[in-house]
Amino acid sequence: MKVLRRFLIRLSNFATRQSVDQRLQEEIAEHLALQTEENLRAGMSPSEARRQAVIKLGTAEAIREQHHEEQSLPFFENLIFDLRYAVRMLLRFPGFSFIVIATLALGVGATTAIYSVIDATLLHPLPYPTPTELVRIQDDLPGVSAQSVGISVPEWRDLESSGIFQSVAITGTGANVNLTGVGRPLRLSFKQVTPNYFAVLGVDAQLGRTFDPHDATLGYNLEVVISDGLWRRQFGTDPHIIGKTLLLDNDAYQVVGVMPRGFRDQGSTSDEQNVELWLGAGFSGLPFPAPQRGIRLGSRAVIARLQPGLSIAAAQEHLNALVESLTKQFPVDYPAQTAWTVRLIPLSEIVVGSVRQSLLLLFGAVGLVLLITCVNVGNLLLARASVRGREIAVRQALGAQRTRLIRQLLTETLLLFLLGGIAGFIILFCAQHLLLRLVPESLPHLNDIAVRWSVLLFAVVVSAAAGIIFGLAPAWLMSRVDLIGTLRQEGRGSKGSPERSRARQVLVISELALSLVLMVAASLLLRSFWDLFKVQPGFDPARVMAIQTWLPGPNDPTTDPYRSASQESILVREILRRSRTLPGVEEAAIGDNAALPLGHSLPTRLPLIREGIETTDNQAPVIDSPIVSPEYFHLLGMPLLRGRLFSDQDLENTPQVAVINQAAARTYWPGQDPLGKRVRLPLSARELSGSAKPVWTTIVGVIADARTESLADTAIPQIYGSVYQHLSKDLAIFLRGQLDPSVIPTQVREQVQSIDPVLPVFHAETLDDVLSDSLSVRRFSMEMVALFATTALLLAGLGIYGTISYVVNEQRREVAIRLALGAQRGNILKMVLLRGLSLASAGAGLGVCGALIVSHLMAGLLYGVSPNDVPTFAGVTVVLTSVALAASFIPALRAIRFDPITTLRSE
Amino acid sequence: MKEKPDVLQGTLALMVLKTLDVLGPQHGWGIARRIEQISGDLLAVNQGTLYPLLLKLEHEGSIASEWGASENNRRARFYRLTGAGRKQLQAETREWEQTSAIIARFFKVKAGDLA
Numbered sequence: 043m044k045v046l047r048r049f050l051i052r053l054s055n056f057a058t059r060q061s062v063d064q065r066l067q068e069e070i071a072e073h074l075a076l077q078t079e080e081n082l083r084a085g086m087s088p089s090e091a092r093r094q095a096v097i098k099l100g101t102a103e104a105i106r107e108q109h110h111e112e113q114s115l116p117f118f119e120n121l122i123f124d125l126r127y128a129v130r131m132l133l134r135f136p137g138f139s140f141i142v143i144a145t146l147a148l149g150v151g152a153t154t155a156i157y158s159v160i161d162a163t164l165l166h167p168l169p170y171p172t173p174t175e176l177v178r179i180q181d182d183l184p185g186v187s188a189q190s191v192g193i194s195v196p197e198w199r200d201l202e203s204s205g206i207f208q209s210v211a212i213t214g215t216g217a218n219v220n221l222t223g224v225g226r227p228l229r230l231s232f233k234q235v236t237p238n239y240f241a242v243l244g245v246d247a248q249l250g251r252t253f254d255p256h257d258a259t260l261g262y263n264l265e266v267v268i269s270d271g272l273w274r275r276q277f278g279t280d281p282h283i284i285g286k287t288l289l290l291d292n293d294a295y296q297v298v299g300v301m302p303r304g305f306r307d308q309g310s311t312s313d314e315q316n317v318e319l320w321l322g323a324g325f326s327g328l329p330f331p332a333p334q335r336g337i338r339l340g341s342r343a344v345i346a347r348l349q350p351g352l353s354i355a356a357a358q359e360h361l362n363a364l365v366e367s368l369t370k371q372f373p374v375d376y377p378a379q380t381a382w383t384v385r386l387i388p389l390s391e392i393v394v395g396s397v398r399q400s401l402l403l404l405f406g407a408v409g410l411v412l413l414i415t416c417v418n419v420g421n422l423l424l425a426r427a428s429v430r431g432r433e434i435a436v437r438q439a440l441g442a443q444r445t446r447l448i449r450q451l452l453t454e455t456l457l458l459f460l461l462g463g464i465a466g467f468i469i470l471f472c473a474q475h476l477l478l479r480l481v482p483e484s485l486p487h488l489n490d491i492a493v494r495w496s497v498l499l500f501a502v503v504v505s506a507a508a509g510i511i512f513g514l515a516p517a518w519l520m521s522r523v524d525l526i527g528t529l530r531q532e533g534r535g536s537k538g539s540p541e542r543s544r545a546r547q548v549l550v551i552s553e554l555a556l557s558l559v560l561m562v563a564a565s566l567l568l569r570s571f572w573d574l575f576k577v578q579p580g581f582d583p584a585r586v587m588a589i590q591t592w593l594p595g596p597n598d599p600t601t602d603p604y605r606s607a608s609q610e611s612i613l614v615r616e617i618l619r620r621s622r623t624l625p626g627v628e629e630a631a632i633g634d635n636a637a638l639p640l641g642h643s644l645p646t647r648l649p650l651i652r653e654g655i656e657t658t659d660n661q662a663p664v665i666d667s668p669i670v671s672p673e674y675f676h677l678l679g680m681p682l683l684r685g686r687l688f689s690d691q692d693l694e695n696t697p698q699v700a701v702i703n704q705a706a707a708r709t710y711w712p713g714q715d716p717l718g719k720r721v722r723l724p725l726s727a728r729e730l731s732g733s734a735k736p737v738w739t740t741i742v743g744v745i746a747d748a749r750t751e752s753l754a755d756t757a758i759p760q761i762y763g764s765v766y767q768h769l770s771k772d773l774a775i776f777l778r779g780q781l782d783p784s785v786i787p788t789q790v791r792e793q794v795q796s797i798d799p800v801l802p803v804f805h806a807e808t809l810d811d812v813l814s815d816s817l818s819v820r821r822f823s824m825e826m827v828a829l830f831a832t833t834a835l836l837l838a839g840l841g842i843y844g845t846i847s848y849v850v851n852e853q854r855r856e857v858a859i860r861l862a863l864g865a866q867r868g869n870i871l872k873m874v875l876l877r878g879l880s881l882a883s884a885g886a887g888l889g890v891c892g893a894l895i896v897s898h899l900m901a902g903l904l905y906g907v908s909p910n911d912v913p914t915f916a917g918v919t920v921v922l923t924s925v926a927l928a929a930s931f932i933p934a935l936r937a938i939r940f941d942p943i944t945t946l947r948s949e
Numbered sequence: 385m386k387e388k389p390d391v392l393q394g395t396l397a398l399m400v401l402k403t404l405d406v407l408g409p410q411h412g413w414g415i416a417r418r419i420e421q422i423s424g425d426l427l428a429v430n431q432g433t434l435y436p437l438l439l440k441l442e443h444e445g446s447i448a449s450e451w452g453a454s455e456n457n458r459r460a461r462f463y464r465l466t467g468a469g470r471k472q473l474q475a476e477t478r479e480w481e482q483t484s485a486i487i488a489r490f491f492k493v494k495a496g497d498l499a
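Sequence order for the protein chains is A and B.
Using the working numbering, you'd call the opening residue of the first sequence number 43 and step up by one each time.
Using the working numbering, you'd call the opening residue of the second sequence number 385 and step up by one each time.
If we strip away everything but chain B, and leave its shape as in the complex, we get (with noise of 0.2 Å):
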């Protein structure tokens, strides 16, 4: 099976990093909806590459999960954002916009602004 790329796999984790962040505790179908409804197709298919890396954020501590009811009252298992998962979060946001405004600004530039 073909890995995917780096970019992808380090954006999704801040993704679901920012999900819980913004919706509070979430079980994994709840995060890959919402992913889905932001990022269009990118999990369209694969959803479940979702769980090796929910099991990962917790064994890294940046998440943590419980068992709850979900909507329909079933036994879901519900992630939420621990401390230090908040505060990766901050850093990892602040990293990636410094890094997008970098990259915007080499799209921007033209030949004839290098001359």
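Next up, chain A with everything else stripped away, as it sits in the complex (with noise of 0.2 Å):
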């Protein structure tokens, strides 16, 4: 309290700058007269007893001094003299000042940038309130070497009933449904959800409710929960929406709640997160197939959150226990050989987790930049401190302290510090929208990257950390200086403590050594990625493109317009028939989703039985299974290479047919012929309203492998099936030809929706663009990567440039004797030379140590290329050091052309 009071009144009087000066001045005065009295009185001269006196007050100096402080706040009154003493320094360097500002705005700056991506997605991965309790449930048959197989509606509810969570919901990964009634059909992202899913995620309507938990039925709900979004697009936030109806895919829902405006789904892709519709559905009764421990739902993700407290390790043995007992409860549904396992994975990790090594070396990679730029600035602090080192010496001369002239320069380099980072900060702050473009749009949250007060208080935070550490080492070496010395240097310039051009050495070489780094990390993306862009798909997408469409599927069968393969194929055959006719089509082929190359984010998986290998669901692994017309394989250029395609007879009422690719082959059948082999595909969701009954598909031909789900992958297995013979809600349609992508969309709209109007029409893309979304974020940190790497090697080009000159100024003199003395201008050129070039291979030492250990722990951002690359190695060192010594040869020119004469005479 008295502490509070006595810092209180001391701040008011610095603030308001109040001075009891004058009142010290007369107490003393008045202090002296009285003393002077007494000593009169005891009988001391007049002269005497007023020295007598002002000996008993002490030195009223000093005495004013300590009041002076008492009454203020000396640190802070300090402080300000420093700052206005700073900033006078700053404007009278103005060209100095504005290249470390500049620097540093681009140090900080680019980092801050980075870490704004970071604050959006690692930092804050999912915006629910405790994320730490969501996890992800994923079921794996390793015994089969099968992952995320779906979980069944009675282990479902065992999860629910087993008190290792709050609850479990079972979600869609996101589809699309038509909604019609409101001018063109419109084609929404949308997921079922069983009725607890908002009360996992733990996020409330905004208006309305979300889904009752108790009032979950066996099929659909019947009623939607829409986004903000969706709702100020649509409905002009219509505060009477709650209770209207939507027509979705022909059936209609009711409007119970609308979620709050910065709500955004779970899930790893912007796809996901912006889904605009929520259905409630049990995924027990029709349309889903009846409930049976069995019959897993593939193709959909649980979540759930933990009880609170519950660690996911923890929650992890409960969960063990739990399939262990539920195994010997029911071995027909868990077969030993299948091991089934549930995982628990968190749920940020689901989210983020893709792009966490991504993002990690960016940031790693701007922080090595950021560093190089501070060891810049450093170099230019050192190099002026032999400008200012008569002023440092004066000022100590007249009684300046140690501490206190650090503190100054400390506090100038601060200053330069705080001036960068604002000025990086305001820059980022004015070009975030164009930056925001350079992101992929692949990458999660997306959205959410914005330029924060805590983006802000980093960038504040960085640069002041970065100015403490890097301003004390200069101002320490500047206090250092030799009085004497420097001040009888009379104008000359001081000649510099070797102290101090060693301190510069070791930054320069530390310069070299972090670039370095970064050309390694920034060559080997490269590699990989032009290894990745040049690799051979094994599919043709040059002037290929993909229009979505999506048919109808309501929840009542009977209502369907295209409930049986049959049906569609009409559809589908006339759409075709229809698309050759437009201009510059030479070829048209339908498939569905999971037949586009690389252009979903989920494939459809079925269970795989194998005549006489498997004989239940429960044991057989998954396989992708696209579904294609028989003019698919031709039109992307996938050759076949044994037995035959799909023909136009091949329909549902014909024996089933499937085309496998070469490494299904080599996969399930090794060292067998599958032609001819029998399969079954049960739990196909398209055909759930058909027939229960098995149906066997035989293989009549294999396909060479394309990489249509991953570049990077080589070949996973995938089996075709015919689009007359299946079922497919989600279809794409796909023309070869001279396509003008600008009016291709349209025509195809317009002829689709001649043939039915309630068919939307979307997303046409040509299969290049595809291809080069699919390398998005690899392209983006490899970019990213190089311009940090092409700026590294720049500051290290200016800060060997600037020390060799340095150099070359100090031994000027020594230079000019030597050639008076008739050493060679060679010589003289070879000695300068060698010197920047010992720097520059210390650095490349130490630089080259780095990289493997950077190299190694970004292996798995690697493809194609080794760790250790020595080509990539030896080609990054060979560019570093001709940098080095071209950087060295200005210089070094410089010292040849001493005159000698005029040199040694300004000396």
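Hints are computed from structural coordinates only; laboratory data are not their basis.
Ideal Cβ placement from N, Cα and C applies to all residues, glycine included.
Worth double-checking, as some hints may not be accurate.
Claimed, not checked - Derived pair list, reagent style DSS-like, types lysine-lysine, alpha-carbon separation capped at 25 Å:
#, chain 1, residue 1, chain 2, residue 2
1, A, Lys98, B, Lys471
2, B, Lys471, B, Lys402
3, A, Lys44, B, Lys471
4, B, Lys402, A, Lys44
Unchecked claim - Only some residues are given here: those of chain A computed to face chain B with a beta carbon under 8 Å:
#, residue
5, Arg47
6, Arg48
7, Arg52
8, Glu69
9, Glu72
10, His109
11, Glu112
12, Gln113
13, Leu115
14, Arg585
Mind assembling these two chains? They're in different frames, but the hints should get you there.
See the structure below:
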């Protein structure tokens, strides 16, 4: 209390610059007068009385100073003095200040930019309350090397009642639905979720309610919760939206709630996060199969909220016990050889796990750039130390304390760093929209990336920390000037201490080493990207466009105009026929979403039961199973290796046939001829409403492997079905020819909607774009790291140039004497260049060691190139050394042009 | 300049408060002389150090000051104890007595007493 009162009074005195000096002077005068009088009474002479009084009082100046310190806040006063002085110095050397601030703005700005991405993704992956309780539950069958096989409804109920979780929800992974009756048919992304979904996430509706977990039905609830975005866009924030009816795929749903504005769904892609409709479903009645332990809901995700305070590891242990007891209880459903396991994965891992390594690499790279800029600035500060040596020596001679000098020099540096940091932040703030366009769309939480207060705080803290770290050493070295030596040199500029030049050399070497690390990382990424880019995908994307459509799938199958493959094939044939008449189109084919090369987030996976090998679904491995029309393979240039392709005569009522790729043949029929083998693909979601009796499918052809799933994966087993034999709701129309991307989508829409006006046509893209988009995150990190590496190389070049110039300048007397004594200019050139070379080789040596560590850390991001790739390391070292030599060459040339006479005279 | 040890600084403040308590409002010289009389040489030189201390005590609210007329009718700054100062004096006196009692007991202890 007392301390606070004293501080506040002093603060107000400091702020108002109120002084009590006058009062003290008066008090002292009175004090002296009284003391003198007493001394007089004691019998002293008047002058002696006065003298004794003054002695007794003590040094008046010291008292005044102490009194002033008590009156105000000396720390802040000094700070203001230092700041004022720092600003003056800054303005006195505007060129120097500009270079330092600009360099730091670059470093801090770039670091802050990457931080803002990390802030939105890695640091806040889940915008829900207590996100650490959220987990994804994944069922695996490691025994048959099948992952993520889905959960069955009885298993879900077991989990719900296990006591491990607060609640467990099943959710679709995002699909499309047609919203009709609102002008042009709209294709919206929706998720089917169990009614407790929002309770798991812990988010409530802003208007109306979310689903009531108690009114769960077996099939669909016929209730819909809509997103704030849809509410604003389509319904003009209609406050009476609750209770209105939406026609989704010809089914009438009642709107029960609107989610709050910032709400985004969980998921790893922006597609998933931007879901606009949530439909409540029980997943256990029509149109879903009846609940059986053996029937797994593939392509559904299970998320859950753990009991508060339960760690994931502890929950996993409980879960393992549950799995074990269930396996004993239902031996038929869980055969031992499949080794059924249930894994808990933190939900944040699902969302950002795939980009974490890339982002951390970027952050590391940008951190190195920041370090290099700081080293460069430290170097500049040291260089200026030689200019300011005299000033500092004079101040020290006049009695400035060393700590006081360091404090003042540090204040100057801090001011520079903070100005640089703030400048960087301002540039970032102004350019954020431009920069956001560089970020690939597939990055999770793309929409949440923003330059926020936390980002500003980061920029300020980083620049202040860097300022203190990199300002302290130069300030320390600068304050250690040799007083006599410096002052004696009478305006010749100081010679500079050996300590300082050693410090500069250390800085340059570390700068070179750091840039080598960055350059190696960039080159390795570049080579991986290039290899991926040039990889033979196994299909020909040139001149191909894909345009998507979606057939309504109402809950009541009898109202579905496309409820059998035969009915759908009429539509498909008509679409194909009309598409071929469009200008420029040479070939047309149709496939489902899974047949879109590289363009879908989740493949359709079905259990593959081979005749005579597996007996039940639960033992079966899962396999990608796209549905295509017969023309698909030719259109995409995927060659047939054996057997035959589909024909127009393979129909719903003819025997079921399939085409597999080489990888499937290798994996599932090793050493055998797959032609004529029979398989069953149960649980095909497309045929749920159809017959339940098992249908055998005969393999009729084998095609060459194509990297349609991922460019980085050589071959993933696939089994293709014919669109004329299988129902498929999500269709993609493939066109090849001289296509005009600006008009084709409209023409296709007109053609499709003239056949059926309720079909939406959307998302037209060329396969070349799809291919390049699939590499977008890789390309983004490669481009960024390359940019950072170039910056680093430039800065390192400047650093070595500055240091060698400085060394040459310091040795000009020596050089002049040598020249006067007849030294060859070539020798002088060699001497300077050798110095540059020795710095460069020390830097390169250190850098290679650092780069080896870094390249092994980022091995997961590399493709087709080893982390120890010798050509890369050698090439980068050569580039760095030549840049260092080139940078030393300019000062070396200057050295041999010294005129010995003028140089020696001017000294 | 070397700072005085903390103990002395603390006791000086206590002495100022006690002086003002006993003598009533006083100017700086009056306080200094009183302390000098009682404590002997402690304030024989550097009487001036009293003034920053007085300002500190004033900031802390233990004493207050105003202009008044001195014995020989000149303008002088008079310091007086405030209510808070009196309370502080009482508290610190008690603390001081306790401390000195403990220290005194320690000094009295001989090696034989601990055996």
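To see whether the hints hold, each was checked on the structure:
1. For the suggested pair lysine 98 of chain A and lysine 471 of chain B, the alpha carbons sit about 32 Å apart, so the restraint of at most 25 Å is broken.
2. Using a Cα cut-off of 25 Å, the hinted pair lysine 471 of chain B and lysine 402 of chain B holds, with the two alpha carbons roughly 11 Å apart.
3. Restraint check for lysine 44 of chain A and lysine 471 of chain B: the C-alpha separation of about 13 Å stays at or below 25 Å, so the hint holds.
4. For the proposed pair lysine 402 of chain B and lysine 44 of chain A, the alpha carbon gap of about 19 Å is at most 25 Å, so the pair holds.
5. The criterion of a C-beta within 8 Å of any C-beta in chain B is met by arginine 47 of chain A, whose closest approach is roughly 5 Å, and the hint holds.
6. With a least beta-carbon distance of about 4 Å to chain B, the hint placing arginine 48 of chain A at the interface is held under the 8 Å criterion.
7. Checking arginine 52 of chain A against chain B: minimum C-beta separation of about 7 Å stays under 8 Å; hint holds.
8. Given the 8 Å rule on beta carbons, the hint for glutamate 69 of chain A holds: about 5 Å separates it from the nearest Cβ of chain B.
9. Hint on glutamate 72 of chain A holds. Least Cβ distance to chain B is approximately 5 Å, under the 8 Å limit.
10. A cut of 8 Å between beta carbons decides the hint on histidine 109 of chain A: the least distance to chain B is about 5 Å, and the hint holds.
11. Residue-level restraint check for glutamate 112 of chain A holds (minimum Cβ-Cβ distance to chain B is 5 Å; threshold 8 Å).
12. With its C-beta approaching chain B no nearer than about 6 Å, glutamine 113 of chain A sits inside the 8 Å limit, and its interface hint holds.
13. Contact between leucine 115 of chain A and chain B, as hinted, is not supported at the beta carbon level, the nearest pair being about 12 Å apart and thus beyond 8 Å.
14. A least Cβ separation of about 85 Å between arginine 585 of chain A and chain B goes past the 8 Å threshold, and the interface hint is therefore violated.
The structure does not agree with the numbered hints 1, 13, 14 stated previously, though it agrees with the rest.
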